[in-house]
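Participant: Now for the letters of each chain:
Protein chains: 2
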Amino acid sequence: MKTIGIAVVGFGTIGSGVVKILQDLAPLIEKRTGIYPELRWVVDKDITSPRSVKVEKAKLTTDYKEALADPSVEVVVELVGGKGFAYTLIEESLKGGKHVVTANKALLAERGQKLFMLAKEMKKSLLFEASVGGGIPILRTISHSLVGDRIRALYAIVNGTTNYVLTQMALNKSSLEDALKEAQRKGFAEADPTLDMNGDDAAHKLAILATLAFHTELDFSHVHYEGIEHIALEDILHAERMGYTVKLLAIGKRDEDNRLELRVHPTLVPKDNQLAFVHYEYNAILVESEYLGTSMYYGKGAGSHPTATAVVADIMAIAEHSREGNFELFRPYQRLEVKSMDEITSRYYIRFHVLDQTGVLAQIASIFGKYGISIASVLQPEQSETTSVPLIMTTHEARERNMRQAMEEISRLSFIQDKVMMIRIMDGH
Amino acid sequence: MKTIGIAVVGFGTIGSGVVKILQDLAPLIEKRTGIYPELRWVVDKDITSPRSVKVEKAKLTTDYKEALADPSVEVVVELVGGKGFAYTLIEESLKGGKHVVTANKALLAERGQKLFMLAKEMKKSLLFEASVGGGIPILRTISHSLVGDRIRALYAIVNGTTNYVLTQMALNKSSLEDALKEAQRKGFAEADPTLDMNGDDAAHKLAILATLAFHTELDFSHVHYEGIEHIALEDILHAERMGYTVKLLAIGKRDEDNRLELRVHPTLVPKDNQLAFVHYEYNAILVESEYLGTSMYYGKGAGSHPTATAVVADIMAIAEHSREGNFELFRPYQRLEVKSMDEITSRYYIRFHVLDQTGVLAQIASIFGKYGISIASVLQPEQSETTSVPLIMTTHEARERNMRQAMEEISRLSFIQDKVMMIRIMDGH
Numbered sequence: 001m002k003t004i005g006i007a008v009v010g011f012g013t014i015g016s017g018v019v020k021i022l023q024d025l026a027p028l029i030e031k032r033t034g035i036y037p038e039l040r041w042v043v044d045k046d047i048t049s050p051r052s053v054k055v056e057k058a059k060l061t062t063d064y065k066e067a068l069a070d071p072s073v074e075v076v077v078e079l080v081g082g083k084g085f086a087y088t089l090i091e092e093s094l095k096g097g098k099h100v101v102t103a104n105k106a107l108l109a110e111r112g113q114k115l116f117m118l119a120k121e122m123k124k125s126l127l128f129e130a131s132v133g134g135g136i137p138i139l140r141t142i143s144h145s146l147v148g149d150r151i152r153a154l155y156a157i158v159n160g161t162t163n164y165v166l167t168q169m170a171l172n173k174s175s176l177e178d179a180l181k182e183a184q185r186k187g188f189a190e191a192d193p194t195l196d197m198n199g200d201d202a203a204h205k206l207a208i209l210a211t212l213a214f215h216t217e218l219d220f221s222h223v224h225y226e227g228i229e230h231i232a233l234e235d236i237l238h239a240e241r242m243g244y245t246v247k248l249l250a251i252g253k254r255d256e257d258n259r260l261e262l263r264v265h266p267t268l269v270p271k272d273n274q275l276a277f278v279h280y281e282y283n284a285i286l287v288e289s290e291y292l293g294t295s296m297y298y299g300k301g302a303g304s305h306p307t308a309t310a311v312v313a314d315i316m317a318i319a320e321h322s323r324e325g326n327f328e329l330f331r332p333y334q335r336l337e338v339k340s341m342d343e344i345t346s347r348y349y350i351r352f353h354v355l356d357q358t359g360v361l362a363q364i365a366s367i368f369g370k371y372g373i374s375i376a377s378v379l380q381p382e383q384s385e386t387t388s389v390p391l392i393m394t395t396h397e398a399r400e401r402n403m404r405q406a407m408e409e410i411s412r413l414s415f416i417q418d419k420v421m422m423i424r425i426m427d428g429h
Numbered sequence: 001m002k003t004i005g006i007a008v009v010g011f012g013t014i015g016s017g018v019v020k021i022l023q024d025l026a027p028l029i030e031k032r033t034g035i036y037p038e039l040r041w042v043v044d045k046d047i048t049s050p051r052s053v054k055v056e057k058a059k060l061t062t063d064y065k066e067a068l069a070d071p072s073v074e075v076v077v078e079l080v081g082g083k084g085f086a087y088t089l090i091e092e093s094l095k096g097g098k099h100v101v102t103a104n105k106a107l108l109a110e111r112g113q114k115l116f117m118l119a120k121e122m123k124k125s126l127l128f129e130a131s132v133g134g135g136i137p138i139l140r141t142i143s144h145s146l147v148g149d150r151i152r153a154l155y156a157i158v159n160g161t162t163n164y165v166l167t168q169m170a171l172n173k174s175s176l177e178d179a180l181k182e183a184q185r186k187g188f189a190e191a192d193p194t195l196d197m198n199g200d201d202a203a204h205k206l207a208i209l210a211t212l213a214f215h216t217e218l219d220f221s222h223v224h225y226e227g228i229e230h231i232a233l234e235d236i237l238h239a240e241r242m243g244y245t246v247k248l249l250a251i252g253k254r255d256e257d258n259r260l261e262l263r264v265h266p267t268l269v270p271k272d273n274q275l276a277f278v279h280y281e282y283n284a285i286l287v288e289s290e291y292l293g294t295s296m297y298y299g300k301g302a303g304s305h306p307t308a309t310a311v312v313a314d315i316m317a318i319a320e321h322s323r324e325g326n327f328e329l330f331r332p333y334q335r336l337e338v339k340s341m342d343e344i345t346s347r348y349y350i351r352f353h354v355l356d357q358t359g360v361l362a363q364i365a366s367i368f369g370k371y372g373i374s375i376a377s378v379l380q381p382e383q384s385e386t387t388s389v390p391l392i393m394t395t396h397e398a399r400e401r402n403m404r405q406a407m408e409e410i411s412r413l414s415f416i417q418d419k420v421m422m423i424r425i426m427d428g429h
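First to last, the protein sequences are chains A and B. So for the first sequence, the UniProt record's numbering puts the first residue at 1; every next one is plus one. So for the second sequence, the UniProt record's numbering puts the first residue at 1; every next one is plus one.
Bound-form chain A, shown alone (with noise of 0.2 Å):
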């Protein structure tokens, strides 16, 4: 019988699901594959906790030495998270001439490059299918399937959190406040769920996709974010009446020159676009690219049971391919330059409260005017008697930096009324 011996470290949601499935499925993946996935130990600070599934007592351990000192783990799988213990764990297991399974995007992003240096002295591998889009084979799909096509964007739903939220305001008209609590209630958004509200995971997972599509080295500061904190109810109904469902998409574009656009930010799309029917907690990533044109993947982006579905292919993989390291994701061949946000173009979405008086619109027009940015359309929602008034107009395709100098101008006149609100929205769709 051949097998591959298992360590996970970090016994959380993941590694439980896991252990879950390979209590469950080893004997079935071992006729599938022909090689026994062995779990040999999981590894965490607390190991008395009671948790979803069952582990032997000998093979639970505090200390993750004792699992790498063992010579018939082949696998580690890195579950803790973070980027301080979680880097140390990987490198030490590479040194020590394990291959490793992550699910860390924020590690693989920041510091992800030393690491995946350091697994192709060792010839070992290092693989991440579950970092990003969850149980959703899109590394796999990027790297593998798409060898022989050249990719020219992507437009992803990768946060759960966030995707919940706007989708709880869009179909039951509630304010992201009450959204935010709705999916905190159901899992779907954690304790503190900054870093999934205001853009850093999305962004996080954006710089991996970017890697490995564009096969270029990048440093994460060169992602551009924002997160949907600021989104109002009042946004999202003005956008569904005029055609277009607000997500927080992640967006990484190569021009023709080999520029790329790599931005995370709240988006309208088109309600006709296969993106708009992507709801609550599921994540999806469309593809375009020169040969096999639009393609999209959709599934879970998170949760113990998806997010372990790639782990075990990960591990799966290894064992199948990887005994000589070759099973590779991680494969850059060159540093391509990021864009600033200032030359990026697109068409907006912007919302003004503004005093209802005259001469109003022409002001703005004539501003937007000056920039070189023309308007599309403008909507002016009749509304109950208050002196504040929405005022909603998009544009035509324009450069981010006049754009940015025409709202400074026109959130300084007399008339406009709190925060102008700008949204940009999908292009080429």
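There could be a bad hint or two in this list.
Straight-line C-alpha distance at most 30 Å; calculated DSS-like pairs for lysine-lysine [said to hold, decoys possible]:
1) Lys83(A) / Lys54(A)
2) Lys31(A) / Lys114(B)
3) Lys271(A) / Lys173(B)
4) Lys59(A) / Lys31(A)
5) Lys2(A) / Lys20(A)
6) Lys123(A) / Lys2(B)
7) Lys271(A) / Lys186(B)
8) Lys31(B) / Lys114(A)
9) Lys31(A) / Lys339(B)
10) Lys83(A) / Lys181(A)
11) Lys2(B) / Lys114(A)
12) Lys186(A) / Lys271(B)
13) Lys271(B) / Lys173(A)
14) Lys123(B) / Lys2(B)
15) Lys31(B) / Lys120(A)
16) Lys31(B) / Lys95(A)
17) Lys83(A) / Lys20(A)
18) Lys31(A) / Lys123(B)
19) Lys120(A) / Lys123(B)
20) Lys123(B) / Lys123(A)
21) Lys2(B) / Lys95(A)
22) Lys95(B) / Lys2(A)
23) Lys57(B) / Lys83(B)
24) Lys95(B) / Lys120(B)
25) Lys31(B) / Lys123(A)
26) Lys31(B) / Lys339(A)
27) Lys2(A) / Lys123(B)
28) Lys123(B) / Lys186(B)
29) Lys2(B) / Lys120(A)
30) Lys181(B) / Lys31(A)
31) Lys2(B) / Lys83(B)
32) Lys83(B) / Lys339(B)
33) Lys271(B) / Lys271(A)
34) Lys186(A) / Lys45(A)
35) Lys181(B) / Lys271(A)
36) Lys59(B) / Lys83(B)
37) Lys2(A) / Lys120(B)
38) Lys114(B) / Lys2(A)
Treat the hints as calculated values from the structure; they're not laboratory data.
Starting from the structure of chain A, add chain B where the hints point.
Facilitator: Here is chain B on its own, set in the frame of chain A:
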């Protein structure tokens, strides 16, 4: 420089696409993988007609044996189609020590078993990602990404012609005939579209999907299939009004006792289901599995370039992982029983044309009652004065055998005009 030598046999639509990608991207592919895919031979009976790509004369031959005799050829790409010569070609290639990549679903579904056994014996890979869903990486996903999961059901739109026709009917209110002509004009239907329209093509693809998804050997004759030839615009419009869209679905399901349903037929898909948004020539495969949950894979299911990306991905999978014959998709380890259609259960849409007289509904309802079929809804659209009026019913879950018997009995009633139309409703959604 590591290379992999390739012979493309069949210089038609897909063959030209493969040649095009290799000509355009081979240096890029080498950068990505470290292996240069080198086109050595293009074989076709006709090597003189102009193609969309140019191949130097020295690489063109009408004699496949010339390509097989070349020791620098490691992979033979079979793109001739059909079940005769293609079989011989694959057999001789494997026996000659070549790996094989094919897009030939009919051959694999009906005569694949022996070829896979031969490949195994020869320690060569026989890959076929392009046979289902064109460039959508669905076979890899099922075999490798879901290796640690258990698939319960597949719902797939895998025939571009019929999906084009149904979309055209629904969105432009065309008759089936006009929609088909439009599809032919646009190149999405063949001059003789029989094997697409009658479900045969989708059935072959379902057989391949099910073999991988359920890890089972199966006979193509166990796949039940019906086409869309009899779908009337009227049915599509009634369905729309009831919140459904009509799709030709390929359905594979495994029940608790590991018995399978394998069926291709027009199906009412709820409009909020992801599959309802798969329009025109696009394909999508929705997978329900125990751990990942619902996932979906969407893209172009046919055409020269999309399909060629899958062929090139297979070639490079062989180059990277199969020098030892170990990158396999096909590895069934059981033979599951397939249920007869009489045994399945479903909800049903039924459309009658009846004489506009009293007592009609009562008589129909009484026959349904006799067979234990309970009615979920009745719709009798207002109609201009004609002697025959439509009557649309949906049922709750019922057994197909009972349904068939009830329909036979109802069809004999004197007030029934025309043939009764029955369309199954997508379950569990």
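Participant: State for each hint whether it applies.
Facilitator: Hints, verified against the model:
Proximity of Lys83(A) to Lys54(A) is assessed by CA-CA distance (about 28 Å); at most 30 Å being required, the pair is judged to hold. Taken as a hint, the Lys31(A) and Lys114(B) pair is honoured in the structure, with Cα atoms around 20 Å apart against an allowance of 30 Å. Restraint check for Lys271(A) and Lys173(B): satisfied, since their Cα atoms lie roughly 21 Å apart, inside the 30 Å limit. A distance of roughly 24 Å separates the Cα atoms of Lys59(A) and Lys31(A); the hinted pair therefore holds under the 30 Å criterion.
Between Lys2(A) and Lys20(A) the CA atoms are separated by roughly 21 Å; this keeps the pair inside 30 Å, and the hint holds. About 18 Å separates the Cα atoms of Lys123(A) and Lys2(B), which keeps this hinted pair within 30 Å; it holds. For the hint pairing Lys271(A) with Lys186(B), the CA-to-CA distance comes to about 26 Å; that is within 30 Å, so the pair holds. For a cut-off of 30 Å, the pair hint linking Lys31(B) to Lys114(A) stands: about 20 Å separates their Cα positions.
Among the hinted pairs, Lys31(A) with Lys339(B) is consistent with the structure: their alpha-carbon atoms are about 24 Å apart, no more than 30 Å. With a CA separation close to 28 Å, the supplied pair Lys83(A) and Lys181(A) stays within the 30 Å bound. For a cut-off of 30 Å, the pair hint linking Lys2(B) to Lys114(A) stands: about 26 Å separates their Cα positions. A distance of roughly 26 Å separates the Cα atoms of Lys186(A) and Lys271(B); the hinted pair therefore holds under the 30 Å criterion.
Of the supplied pair hints, the one linking Lys271(B) and Lys173(A) holds, its CA atoms being roughly 21 Å apart against a limit of 30 Å. Restraint check: the Cα-Cα separation between Lys123(B) and Lys2(B) comes to about 21 Å, which is no more than 30 Å; the hinted pair holds. Simply put, Lys31(B) and Lys120(A) have alpha-carbon atoms about 16 Å apart, close enough for the 30 Å limit, and the pair holds. With a C-alpha separation of about 27 Å, the suggested pairing of Lys31(B) with Lys95(A) holds against the 30 Å cut-off.
Taking the CA atoms of Lys83(A) and Lys20(A), the gap is about 26 Å. The hint holds against a cut of 30 Å. At most 30 Å may separate the alpha-carbon atoms for a hinted pair to count; Lys31(A) and Lys123(B) meet this at roughly 19 Å. Between Lys120(A) and Lys123(B) the alpha-carbon distance is near 28 Å, which keeps this suggested pair within the 30 Å criterion. In summary, the hint linking Lys123(B) to Lys123(A) is supported, as the alpha carbons are separated by about 25 Å, within the 30 Å threshold.
A threshold of 30 Å between alpha carbons decides the hint, and for Lys2(B) with Lys95(A) the separation of about 28 Å falls inside it, so the pair holds. Under the criterion of a C-alpha separation no larger than 30 Å, the hint pairing Lys95(B) with Lys2(A) is consistent with the structure, at around 28 Å. Note on Lys57(B) and Lys83(B): the hinted pairing holds, with a Cα-Cα distance of about 29 Å set against a maximum of 30 Å. For the given pair, Lys95(B) sits about 11 Å from Lys120(B) by alpha-carbon distance, which is consistent with the 30 Å threshold.
Among the hinted pairs, Lys31(B) with Lys123(A) is consistent with the structure: their alpha-carbon atoms are about 19 Å apart, no more than 30 Å. A C-alpha spacing of about 24 Å is found between Lys31(B) and Lys339(A), which places the hinted pair at or below 30 Å, so the restraint holds. Under the criterion of a C-alpha separation no larger than 30 Å, the hint pairing Lys2(A) with Lys123(B) is consistent with the structure, at around 18 Å. At roughly 43 Å between alpha-carbon atoms, Lys123(B) and Lys186(B) are farther apart than 30 Å, so this suggested pair is violated.
As the CA atoms of Lys2(B) and Lys120(A) are separated by approximately 18 Å, the hinted pair is consistent with the 30 Å bound. Proximity of Lys181(B) to Lys31(A) is assessed by CA-CA distance (about 48 Å); at most 30 Å being required, the pair is judged violated. For a cut-off of 30 Å, the pair hint linking Lys2(B) to Lys83(B) is broken: about 34 Å separates their Cα positions. A distance of roughly 27 Å separates the Cα atoms of Lys83(B) and Lys339(B); the hinted pair therefore holds under the 30 Å criterion.
For the hint linking Lys271(B) to Lys271(A), the alpha-carbon distance of about 14 Å falls within 30 Å, and the restraint holds. Proximity of Lys186(A) to Lys45(A) is assessed by CA-CA distance (about 27 Å); at most 30 Å being required, the pair is judged to hold. Between Lys181(B) and Lys271(A), the direct Cα distance comes to roughly 29 Å. Compliance with the 30 Å bound is thereby established for this hinted pair. The hinted pair formed by Lys59(B) and Lys83(B) meets the criterion: a straight-line CA distance of about 26 Å does not exceed 30 Å.
Of the supplied pair hints, the one linking Lys2(A) and Lys120(B) holds, its CA atoms being roughly 18 Å apart against a limit of 30 Å. Distance hint between Lys114(B) and Lys2(A) is fulfilled; the C-alpha atoms sit about 26 Å from each other, no more than 30 Å.
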